[in-house]
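K.L.:
Protein sequences, first through last, are from chains A and B. full-length UniProt numbering numbers the first residue of the first sequence as 1 and each following residue consecutively. full-length UniProt numbering numbers the first residue of the second sequence as 1 and each following residue consecutively.
In case anyone wonders, no lab produced these hints; they're calculated from the structure. Just so you know, not all the hints are guaranteed correct.
As the list claims (entries may be wrong) - Cut-off 27 Å, straight-line C-alpha distance, at most; resulting in silico cross-link-like pairs (BS3-like, lysine-lysine):
hint: 1; chain 1: B; residue 1: K17; chain 2: A; residue 2: K30
hint: 2; chain 1: B; residue 1: K89; chain 2: A; residue 2: K114
hint: 3; chain 1: B; residue 1: K164; chain 2: B; residue 2: K269
hint: 4; chain 1: A; residue 1: K30; chain 2: A; residue 2: K114
hint: 5; chain 1: B; residue 1: K211; chain 2: A; residue 2: K84
hint: 6; chain 1: A; residue 1: K114; chain 2: A; residue 2: K31
hint: 7; chain 1: B; residue 1: K211; chain 2: B; residue 2: K272
hint: 8; chain 1: B; residue 1: K335; chain 2: A; residue 2: K84
hint: 9; chain 1: B; residue 1: K77; chain 2: A; residue 2: K84
hint: 10; chain 1: A; residue 1: K84; chain 2: B; residue 2: K49
hint: 11; chain 1: A; residue 1: K31; chain 2: B; residue 2: K335
hint: 12; chain 1: A; residue 1: K84; chain 2: B; residue 2: K82
hint: 13; chain 1: A; residue 1: K110; chain 2: B; residue 2: K269
hint: 14; chain 1: B; residue 1: K211; chain 2: B; residue 2: K335
hint: 15; chain 1: B; residue 1: K89; chain 2: B; residue 2: K17
hint: 16; chain 1: B; residue 1: K164; chain 2: B; residue 2: K82
hint: 17; chain 1: B; residue 1: K164; chain 2: B; residue 2: K220
hint: 18; chain 1: A; residue 1: K110; chain 2: A; residue 2: K84
hint: 19; chain 1: B; residue 1: K82; chain 2: B; residue 2: K17
hint: 20; chain 1: B; residue 1: K211; chain 2: B; residue 2: K112
hint: 21; chain 1: B; residue 1: K77; chain 2: B; residue 2: K17
hint: 22; chain 1: B; residue 1: K226; chain 2: B; residue 2: K82
hint: 23; chain 1: B; residue 1: K17; chain 2: B; residue 2: K51
hint: 24; chain 1: B; residue 1: K51; chain 2: B; residue 2: K82
hint: 25; chain 1: A; residue 1: K31; chain 2: A; residue 2: K126
hint: 26; chain 1: B; residue 1: K201; chain 2: B; residue 2: K220
hint: 27; chain 1: B; residue 1: K269; chain 2: B; residue 2: K220
hint: 28; chain 1: A; residue 1: K110; chain 2: B; residue 2: K51
hint: 29; chain 1: B; residue 1: K39; chain 2: B; residue 2: K17
hint: 30; chain 1: A; residue 1: K30; chain 2: B; residue 2: K89
The structure presented is a predicted model; accordingly, all values stated were derived computationally and were not measured.
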Amino acid sequence: MRYNNSRTLALFYCQNVPGAGERERIGLEKKYGLSIRFFPIACSGRLEPVHLLSALENFADAAYVITCPQGMCRYFEGNLRAIKRVRRTQDIIAGIGLERERVGIVTGLKEDPKTLAEHAEEIFDKTLQMGRSPVLDKGEANYDHCATEAH
Amino acid sequence: MPEKYVIHTTTAPNRFKAVSRSGIIAWEEGCLRCAVCVKERCVYDVYYKRKLDPRQMIDSIDNLCMNCLRCVQGCPKELITKSLNPEYKEMGDDFFTPEIISKLWSQAETGKIPVSGAGYPGPFSGPGFDSMWTDMSEIVRPTRDGIHGREYISTAIDLGRTIKSLRFDDSGALLAETPLLVDIPLPILLKVPPFGAISDKTLLGWAMAAKRLGTLLALKIDDVEKLPDQFRPWLVPVLEEDLTDPAIIPVGVRIVEIPWSSRFEKSAKIIKDTFPSMLVCVNIAMMDGMEEKAVSVADAGLDIIHLELGRYSEKEPETYDPRRVKDAIRSVHMKLVETNIRDEVTLVASGGFAMAEHVAKGMICGADAVMAEFQLLIGLQCRMCRRCATGLSCPVDIQDASAKWVAARVVNLFGAWHNQLIELMGAMGIRDARRLRGEVGRAMFFEDLDKVAFGSLGSAGEGFELE
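Given the sequences, and given the hints that come with them, work out the whole structure.
P.N.:
Printed below as a string of structure tokens:
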């Protein structure tokens, strides 16, 4: 099945998430087309708010991070730091009037780790329920409201 | 310097940021903002020139970093780590490895020989061409004479049939007609790859590159019509089936490629009868029986044999192994030598030449020239991800690249290969590429050395471990 809709999800994922190889990624790209942009990263702790904000600013309706299960980070604290950075990004976008849910993080369970495909499906379903990002729909965005919220 | 000895290159910048080998992982939390901050001391100012490319989500700290590791070692709180980029690790395949791909990108961008400056850290032997070592016993001479200076090293080769001997009548006039030859200034022909996000602009760029390099571009016969007539002398139309109607051969081309089949002689005769000055190249798949097929082509008096791995890989992809090219070329070459017809025919090989050194090694194994195909795509920043083959869009939009940029990148890439070939030949003491063919005395083969050194010890069984 190939999704055909107007939502775009930026999905950053740790390379240690199960099923995160290039072959699986190509399979997911075939399934979702341009609706999901996949960005493999060496460690989720590598991400900074600027990455997520840049995705929201340029092309994405939502930007999510998938980390390896807690306690399994090969850099010990990478996924813990990623959680803090995503929270900080959520605060920033809330400050300009965007929904906090447009940025999020998903951490796998150590006992029952989900694959990249399973995570992607869940997150994409969530994205579909959100409206188009007002940042991208510049013509319709209410910037006065955003400015007021930010102050 | 005469044109045939030099390839002029100009920098052709990447259209997309190159995927970097490694990335910096810098924890912000825990930073003391101390006076000895390694970020401020970075000699390349990587942390202060930082930018993010939102299209690819590539952070400039990864691309600009020169891997000196001063920041990793110097941070008092050990907050900085370097890690391999997972996207880099996934590039290419067993043959076009990420390292080879990134080096080809660099050569296509700059036209210069890639220099790591840190020695060679890899193993000394491996499969395929990696089990061949060229004899560099003349390596002192290039530095004394200057390989780009006083003594010219010619990389030019001739394509076509040669005659065994010249015969003259009593008045000294030649009795037989001299055969036709196409001479090209470097032993590398270009070939349109079997997959890729290829547009008419890409084809035009490759044709422009072939013309500027003075070499030839092999492409499907239907694609010839997509290019202006002025490029015809540099094109080799490739027929997929036996020829019945000579009218389909584009006028102005100098060489035509036909497939080997039980009726290849008939196709060749039609071409020779219609276009007497045209050379005929016969494509033989690199698979069982190729030696006998090669002999039959030479016996039929045809000009060029194209030994191709690509066709083999399409038919039996599960057995695709470019490393077999070395042995295949040697086998066909030796068969032609044993049959005393090697000098009468040109042998071109394609399908397993990922680096400049492979060209020289392929020629040492017995090829007169090699054909590059996937390198044409990689030069345009292709990652060999094969998304295009599955119907997905190209991550670097090769189809949108201008013909001028495509041509510049390909000229740069093969300009760099040409320089490496000259370096290699200079170090081997060979001044003419035509003398490189079959010159196994200038190379050492791991299999032979292994046999000589350790053959008497027998072989260890599978799973054998030293105690």
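K.L.:
Against each hint, give a clear statement of whether it holds in the structure.
P.N.:
Status of each hint after checking the structure:
no. : hint            : result
1   : B:K17 / A:K30   : 24 Å, holds
2   : B:K89 / A:K114  : 23 Å, holds
3   : B:K164 / B:K269 : 22 Å, holds
4   : A:K30 / A:K114  : 20 Å, holds
5   : B:K211 / A:K84  : 57 Å, violated
6   : A:K114 / A:K31  : 18 Å, holds
7   : B:K211 / B:K272 : 25 Å, holds
8   : B:K335 / A:K84  : 68 Å, violated
9   : B:K77 / A:K84   : 19 Å, holds
10  : A:K84 / B:K49   : 25 Å, holds
11  : A:K31 / B:K335  : 50 Å, violated
12  : A:K84 / B:K82   : 21 Å, holds
13  : A:K110 / B:K269 : 70 Å, violated
14  : B:K211 / B:K335 : 34 Å, violated
15  : B:K89 / B:K17   : 16 Å, holds
16  : B:K164 / B:K82  : 61 Å, violated
17  : B:K164 / B:K220 : 33 Å, violated
18  : A:K110 / A:K84  : 20 Å, holds
19  : B:K82 / B:K17   : 19 Å, holds
20  : B:K211 / B:K112 : 20 Å, holds
21  : B:K77 / B:K17   : 31 Å, violated
22  : B:K226 / B:K82  : 48 Å, violated
23  : B:K17 / B:K51   : 12 Å, holds
24  : B:K51 / B:K82   : 18 Å, holds
25  : A:K31 / A:K126  : 17 Å, holds
26  : B:K201 / B:K220 : 16 Å, holds
27  : B:K269 / B:K220 : 21 Å, holds
28  : A:K110 / B:K51  : 35 Å, violated
29  : B:K39 / B:K17   : 23 Å, holds
30  : A:K30 / B:K89   : 21 Å, holds
The structure is inconsistent with the numbered hints 5, 8, 11, 13, 14, 16, 17, 21, 22, 28, although it conforms to all the rest.
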